[in-house]
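2 protein chains.
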Amino acid sequence: MNELTIEKLEETIDKKNINELRNIFNEYNSVDLADIVSSLDIKKTVFIFKTVPSNLTAEVFSYLNSEYREKLIGFLTSKDIKNVIEELYTDDIVDFIEEMPSNIVKKVLKVIDKDLRGEINQLLSYKENSAGSIMTTEYVELKENDKCKTALNKIRRDGKGAETIAYCYIVDNKRTLKGYISLKDILFSEENVKIKDIMEKDLVSVMVDDDKENVANIFKKYDLSSIAVTNSEMKMLGIITVDDIIDVIEEEATEDIEKMANMTPLEDDYFEVSAFEMFKKRIVWLTILLFASILSTFILSKAESTISTIAILTVFMPMITATAGNAGSQTTALLIRGLSLGTIKTKDFFKALRKELTVGILIGGCLAIICYLFLWFEKSVGIIEVEYNANYIFVAVALSLMCVVIVSKAIATSLPILAKVCKLDPAVMAGPLVTTLADALAILIYFSIAKEFLIPLFS
Amino acid sequence: MNELTIEKLEETIDKKNINELRNIFNEYNSVDLADIVSSLDIKKTVFIFKTVPSNLTAEVFSYLNSEYREKLIGFLTSKDIKNVIEELYTDDIVDFIEEMPSNIVKKVLKVIDKDLRGEINQLLSYKENSAGSIMTTEYVELKENDKCKTALNKIRRDGKGAETIAYCYIVDNKRTLKGYISLKDILFSEENVKIKDIMEKDLVSVMVDDDKENVANIFKKYDLSSIAVTNSEMKMLGIITVDDIIDVIEEEATEDIEKMANMTPLEDDYFEVSAFEMFKKRIVWLTILLFASILSTFILSKAESTISTIAILTVFMPMITATAGNAGSQTTALLIRGLSLGTIKTKDFFKALRKELTVGILIGGCLAIICYLFLWFEKSVGIIEVEYNANYIFVAVALSLMCVVIVSKAIATSLPILAKVCKLDPAVMAGPLVTTLADALAILIYFSIAKEFLIPLFS
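Chains as they are written, first to last, in my numbering: chain A, 1 to 459; chain B, 1001 to 1459.
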């Protein structure tokens, strides 16, 4: 099969070769088709959606970007829209509707079938980030007393529009969830075996109000490909499939990264967020951290007499604060990620602290030696000029570096776990604050050591 | 169904109630069972593996942690080991073997069936992080000329041990991949329809040497649940399933986070890495960054005359360098994540730079005003003592802050994209360096502004 090019597609449309066009939409993958279609002149795309059957175009539609989709909807008649929308899975319709402006939403909801509209409205009413917001209502339901043969017939009857048939869900007459079964188990059992005898009863299901991140954690823990969603009375409402969970996992990681980097998470891809929106997401934390740096200013202003006695001390300050920040952010990043993946728990605090202190002593000692040698090298090549007794100053700097690393690691371990204990988000609370606190403490430690050991020697 | 507790399980073992034990392993989920089993005394677990049929215990075995598995293998006879291992999927056997010390590996490889051993050895030979390293050889193969009825019979015959039957793969007599088909399409077609008429021919497949991160990207792009793995001649070798891809996606995000936080990524969970291993992963970048901070030392030592004229300048330095670092890391985090998810491409450099400069000017302006007011506040409550004409100094600090933010944003945009263009990993190269460079440039900008505007006024 040759690769499809935009030129070939345009040519087919220009020639109005509808059969060929149908073949193309039948043969090529919807994701690739959507890539090409979204570069087409909108009139050509309208021609496609009017001539190719909607069962072939609906999936392509679901992969177009929202801007292009909005434009396309504007050009389609109510009947065309109805045909495409009704071919989509309910969760994709909800995603689509949530991105559209209200006039388009009205246009779409007006044309679709009443029952479907009810379902969509119900799905739209679930809280953002809840299990309900990513679930679909298209799955296969079976009864406990169905025999495998009946079950297979039901799957053949109801499964066509289902998002997955790999797992079917068993409910009673009140639609209470009783269990689930894989199609594999049905296929590998005798025709007369009853579903209730082979179904899985250890109900791995989630509640419709559960946070979608928790749902993702359950998927990961149990290696699921779909999961049942119920209300608080265990009534079956829908299912969530793994493809939507992959998006959740990725969003979650992106959010953690953004929070650790002193930002309120963006709600969209980089280029889809306006500069002013970006500004708002960033200015809050930068302002908070600016105020937090009052600590450093304050500590430094108290050290003025030490600085004026040994002016050269200032020169090494950025080296010390930078190392404190770098050492601290290593630890916070590991702790925040571990807490979010569940590999570190709050009860592990002392275990983690002991580990980080051990690592801190190793790193601190090692950096102190490197730093001491490095300073002598800098002096000998003339990068820094130390007029007083250099050796004492270098020892004080190296010693400070070591203490600073150990203290930073300790704060960087404590803050994320403390945040978690206080039910705050470790990425938000600890990520940004660790560097600022480490900075202030580094300055305090550095000038305290200098005051204790150097001032008596130099004054 | 009641929740299973460790006490109940221990009691059943102590009573040697084998029927009840079998029921428990039949009814409860393997993941939950593994959680409980791994807290059991090893002798009790050995009893389980000797009395409960291996088709019920094998999956539990695959969810035990590697330490516990190693201990358990030591207590089991060759026959017990053979029974459990041969029930596992090949990719799980490979994962297990890769974690075991060589004496255990030998013990295991010796007992298993020759054909399986050949397959495992082949799988073990694939490069780490390649598609081959995460694939399984258990899937269902069909022929183009099979009718749906034959196909269903083949699935019933071969599918029992397959990791998924939701998709089957079609090969010719030379085992060249021809296409794939979903079980759904087979079930919904007439018995006599030939597979080749309904199979998907747009071959979304990967090569055995492809990096597993690329495989994950293909899964995400095409919303797959499994994918075919072939050699360079399109001969079918195995499949990769979505549960393993979820692990890859998560590892990838964790690695990016660790690299951005100045570390070489860990190969294991936090508590499974020794303190010395941690030290090695962290010391390298800390040393490099210590050397990089020579730039700040150098710039500061050149500013000594400015500092000695207006000593108070030093007090505001940490505030300026911290803000530079914070503003820079916001931008790098977004750029690195965008480049890694593909939402930002290297050709978008100027678009991204324009955006970041706009945001930088907004943030810089805003912070400058806040900072100016803040300094007056600090002065009025007596936190800092400015003896000279405070207004001029505060204007210089605010102005520096604004310039520093804009410059940091520009570097933080350029470094990740530059790294990508040079085929280096943006997270490794840009993450750690941005803060250090931003520090040095912040000091340069601050003291240059001070020298230009303040020195003439104060000397």
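Do not rely on the hints blindly, as some may be mistaken.
[What the hints assert, rightly or not] Derived coverage of chain B by chain A (criterion: at least 3 residues anywhere in the stretch with Cβ under 8 Å from a Cβ of chain A; other residues may be distant): (1) 1017-1031; (2) 1091-1105; (3) 1119-1131; (4) 1412-1422.
[Unchecked claim] One side of the interface only, derived from the structure: several residues of chain B facing chain A at Cβ under 7 Å: (5) D1185; (6) F1188; (7) N1192; (8) R1337.
By construction, these hints were calculated from the structure, which means they are not laboratory data. Note that CB positions come from ideal geometry on N, CA and C, so glycine has one too.
Here is what the structure says about each hint:
no., hint, in the structure
1, 1017-1031, "holds (count 4)"
2, 1091-1105, "violated (count 0)"
3, 1119-1131, "violated (count 0)"
4, 1412-1422, "violated (count 0)"
5, D1185, "violated (10 Å)"
6, F1188, "holds (6 Å)"
7, N1192, "violated (16 Å)"
8, R1337, "holds (5 Å)"
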